[in-house]
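Sequences are here, hints too, so could you generate the full structure?
So the sequences go chain by chain: R and L. Residue numbers for the first sequence follow numbering that gives the first Met the number 0, so the first one is 0 and each next one is one higher. Residue numbers for the second sequence follow numbering that gives the first Met the number 0, so the first one is 0 and each next one is one higher.
Do not rely on the hints blindly, as some may be mistaken.
Using 30 angstroms as the maximum straight-line C-alpha spacing, the simulated BS3-like pairs for lysine-lysine come out as follows [said to hold, decoys possible]: (1) R:K251 / R:K177; (2) L:K123 / R:K348; (3) R:K191 / L:K36; (4) R:K121 / R:K83; (5) L:K266 / R:K315; (6) R:K339 / R:K315; (7) L:K123 / L:K75; (8) R:K49 / R:K121; (9) L:K211 / R:K315; (10) L:K332 / L:K266; (11) R:K117 / R:K49; (12) R:K348 / L:K256; (13) R:K298 / R:K251; (14) R:K121 / R:K203; (15) L:K36 / R:K203; (16) R:K203 / R:K191; (17) R:K84 / R:K117; (18) R:K62 / L:K211; (19) R:K315 / R:K251; (20) R:K84 / R:K23; (21) R:K315 / L:K256; (22) L:K287 / R:K315; (23) R:K49 / L:K36; (24) R:K351 / R:K315; (25) L:K287 / R:K191; (26) R:K191 / R:K177; (27) R:K83 / L:K36; (28) L:K287 / R:K351; (29) R:K84 / L:K36; (30) R:K62 / R:K49; (31) R:K121 / L:K36; (32) R:K49 / L:K211; (33) L:K256 / R:K351; (34) L:K256 / R:K191; (35) L:K415 / R:K49; (36) R:K298 / L:K75; (37) R:K62 / L:K415; (38) R:K177 / R:K203.
No wet-lab data here; the hints were simulated from the structure.
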Amino acid sequence: MGLSGIVNKLINLEVVGITDETLKIVIYLNYLLIILTLSILLVVIFFRLKTISAMRRREVFNKEWQPVLEQSMYELPEMLPTLKKRDLMNFLLLWNGMQENLTGEVRNNLNFVARWLKIDVKIKKQLLKKGNLSERLNTIGHMRSMAAWDELEEIVQQNEEQMIVMLAAKALARMNDKRAATVVIPMIAVNKEWSLPAMADIVKQMRPENVGEVLGDVIVRVPEVVIPRLVRFLPFATAEVALNITLDLLNKYDDPNIIAACLNLIGDVDYGQHVELVRSYSNHDSWFVRLQVVYALGKIGTMDDVSLLTQMLADKEWWVRHRAARSLLALPFLSTVQFKVILDGQTDKYAKGALQQAIMEQAITKNEVVV
Amino acid sequence: MIEIIIDIVQWIFLLYVLGINLGYMALNISAMYSATKYMRGIEFRKFVGMYSTYMPPVSVLVPAYNEETTIEATIKSLLQLNYPEFEIIVVNDGSKDATLEQLISAFALQPLNDGFRIRLSTEKIRTVYCSSLYLNLRVVDKENGGKADALNAGINISQYPLFACIDADSILDRDSLRSVVLPFIEDPRTVASGGTVRIANGCEIRDGFLQKAALPTNFMALIQIVEYLRAFLFGRLGWMPLNALLIISGAFGVFHKETVIAAGAYKIGTIGEDMELVVRLHRYLRSKGRPYRITFVPDPVCWTEAPEDIQTLRSQRIRWQQGLAESLAANVKLLCSRRGGAVGWFAFPFMLVFECFGPIIEVGGYVITILGFLFDYVSLQGMLSLMILSISLSLTVSVVALLLEELTFHVYSGFKNIAILFVVAFVENFGYRQMTAVWRIIGLYRWATNRKGVWGNMARKGFKESAT
Chain R
0 MGLSGIVNKL INLEVVGITD ETLKIVIYLN YLLIILTLSI LLVVIFFRLK TISAMRRREV
60 FNKEWQPVLE QSMYELPEML PTLKKRDLMN FLLLWNGMQE NLTGEVRNNL NFVARWLKID
120 VKIKKQLLKK GNLSERLNTI GHMRSMAAWD ELEEIVQQNE EQMIVMLAAK ALARMNDKRA
180 ATVVIPMIAV NKEWSLPAMA DIVKQMRPEN VGEVLGDVIV RVPEVVIPRL VRFLPFATAE
240 VALNITLDLL NKYDDPNIIA ACLNLIGDVD YGQHVELVRS YSNHDSWFVR LQVVYALGKI
300 GTMDDVSLLT QMLADKEWWV RHRAARSLLA LPFLSTVQFK VILDGQTDKY AKGALQQAIM
360 EQAITKNEVV V
Chain L
0 MIEIIIDIVQ WIFLLYVLGI NLGYMALNIS AMYSATKYMR GIEFRKFVGM YSTYMPPVSV
60 LVPAYNEETT IEATIKSLLQ LNYPEFEIIV VNDGSKDATL EQLISAFALQ PLNDGFRIRL
120 STEKIRTVYC SSLYLNLRVV DKENGGKADA LNAGINISQY PLFACIDADS ILDRDSLRSV
180 VLPFIEDPRT VASGGTVRIA NGCEIRDGFL QKAALPTNFM ALIQIVEYLR AFLFGRLGWM
240 PLNALLIISG AFGVFHKETV IAAGAYKIGT IGEDMELVVR LHRYLRSKGR PYRITFVPDP
300 VCWTEAPEDI QTLRSQRIRW QQGLAESLAA NVKLLCSRRG GAVGWFAFPF MLVFECFGPI
360 IEVGGYVITI LGFLFDYVSL QGMLSLMILS ISLSLTVSVV ALLLEELTFH VYSGFKNIAI
420 LFVVAFVENF GYRQMTAVWR IIGLYRWATN RKGVWGNMAR KGFKESAT
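Below you can see the structure in the form of structure tokens.
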């Protein structure tokens with residue numbers, strides 16, 4: 000019997016001589032699964048080959064281009080190697096990697112090289128297409144080329160993928176921070192799911208006066224629930240604008256989340272003018288408001304606040320006690336002797352515990368062994 | 000009559016094999032979607048991860064029972080985690096060996112007189128220690144009460160809004176906390192997040208961290224690599240888009256503390272306290288109608304030593320099955336409940352039928368078919384067809400897991416490793432799978448006869464540290 004005979008027998012299930020229909024189905028299913036399994040295995044091997052080949056190509060590319068780009072940072076080259084179409088992504092990865100770690104003149108030189116190779120034109124054509132968009136968006140941002148502003152704005156407003164939106168917003172902020180602020184900041188208020196650290200990174204790229212102007216305008220128009228989220232971006236505005244907005248909010252709202260966010264900000268940007276206002280919240284029902292009170296007093300408090308902070312060492316919430324102890328310890332005008340008096344004077348077990356913990360933490364930070 | 004019984008059993012077996020594997024296939028497709036989506040967003044995650052200001056502080060809980068040989072190295076590597084603000088709370092659960100003494104001398108521990116609020120009742124806490132060398136290390140010495148009790152004691156002591164539970168013998172990636180905490184930043188509804196656990200046998204370990212992933216030479220450990228790939232890559236990733244993940248490994252998971260406390264924290268006396276908590280979180284949050292997310296990151300963040308001898312593996316699998324049955328039984332109200340959603344209507348029934356009671360059907364099917372063949376009720380062709388179907392389905396599922404691995408992190412480089420894993424995925428069907436199915440039945444029996452949970456005892460070879 001030849002090979003075709005064996006195949007025929009297998010296909011017709013003659014080998015096992017099955018007549019039962021169910022078993023026939025089971026055996027056909029077996030054939031199908033074996034073919035499927037082997038096909039998937041081939042796909043696995045194909046992906047592995049692709050990965051290895053891409054890695055090798057990148058190595059070869061970097062070997063040729065890294066010295067060229069490094070050289071161009073200091074002296075613009077007279078000639079550049081040809082950039083093959085398939086190496087565009089490798090170029091973007093290498094170029095963006097260098098841009099992330101550089102500032103000033105050398106970045107301009109790298110931009111010059113990118114423009115020489117018409118990278119912005121090449122990318123703009125593909126900007127709204129799917130695929131590996133992140134490197135393209137990064138490149139456009141670093142090049143500060145206004146050519147793709149409209150496309151980027153469209154991405155920020157319409158794209159559903161958070162990563163893409165963030166990268167496009169970052170690119171906008173790099174191109175023109177004032178204009179970007181008017182596009183991006185109102186969207187922070189609308190898109191609650193946007194990642195705060197990523198947004199903070201973008202807003203940080205904008206000049207404080209631009210951030211303050213737009214934030215001040217947006218914050219009065221948004222629903223109450225969104226305000227604490229926006230307050231977290233106020234440190235990126237100028238201190239004066241941030242404080243004015245904060246004071247307005249404290250006048251207007253009773254929501255503990257808004258109060259806590261505002262007190263935290265006062266602690267960070269105030270120079271002591273509003274310490275009385277901070278103290279007035281020390282008996283607030285919400286522990287996270289009291290926590291921000293002790294935090295802010297630790298930063299802007301005076302000698303008069305020592306007794307208030309000492310009282311708050313016995314707060315029913317651990318976080319408040321712990322922060323009050325740390326704030327007391329951080330007060331620059333409180334001497335070791337005075338601090339020891341406070342410690343010895345504590346009759347409350349929790350208050351004493353909180354102070355001891357803070358002392359130990361400070362000692363460890365200063366590399367002193369506490370015995 | 001006997002023929003009819005055998006026919007029925009064979010049909011049940013056939014439907015079970017088809018059902019479980021079709022279920023796995025559906026999970027594979029879902030996992031493929033999750034994996035590609037995750038990998039697309041990986042640069043974004045790196046981008047977010049660079050900004051530590053918004054990373055919430057985390058309390059890392061390390062329950063320890065008789066870990067004198069490994070505890071110092073484990074804590075030293077945990078102290079090197081790349082995370083902006085975290086504290087480590089080691090809970091010595093009444094160890095009978097010198098675990099506590101090791102900790103006291105290695106980290107210059109001193110008794111701490113700080114008060115803490117007892118929010119969860121636990122066995123008596125003897126002393127809380129604070130390290131004089133590391134600001135963020137505390138050790139709780141308490142009476143023995145089991146792993147769940149130790150974790151609850153750790154929660155009582157913890158200061159931060161998130162806590163991570165970590166096995167004392169786990170090896171973590173330096174960035175593991177960042178990876179697993181990121182879902183909490185991306186989506187504030189997140190209440191729990193788990194990471195992929197991989198097998199450390201055969202890998203190169205240096206200073207408590209993994210330097211190079213490699214396949215082990217021990218066959219038992221090799222088989223478990225394929226099992227872990229299946230369990231973590233499609234088992235977890237597959238359920239994720241439906242928010243129906245029922246397991247976060249006790250080896251490494253991060254939880255929102257207040258939600259866990261509200262749900263009742265770890266259940267004392269359970270064996271599978273990690274799974275029980277996750278199932279209960281689903282039940283609790285669904286009953287309250289609170290939007291939530293229990294998620295998983297496919298990054299290989301935690302490496303653990305797999306048993307290399309049959310006895311240890313046997314007791315591990317018995318314990319796991321007992322834990323699974325316990326977790327499902329304790330939260331059976333979630334099953335097809337009005338507010339159950341995907342977890343109550345799909346994940347829970349799937350777990351119950353295929354993972355919990357599956358071994359009985361599987362082993363029953365094998366036994367009846369073989370007996371039927373021996374007594375001439377089943378033809379050789381019939382028997383072989385069923386067996387081959389079972390093997391090919393299982394092999395297909397394993398190969399898809401290899402594909403997922405290739406699409407995501409391809410940890411094991413080189414074609415040789417793919418070939419080895421494929422051969423192992425094939426060979427495991429001849430004896431290993433049947434053997435583990437029998438152990439799982441023993442686990443079910445132990446659950447049914449109400450055996451209490453104890454700390455798992457594993458014979459460890461320890462990790463081979465490479466020279467620095």
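Could you work out which earlier hints the structure fails to respect and list their numbers in ascending sequence?
Those not satisfied are hints 9, 20, 28 and 36.
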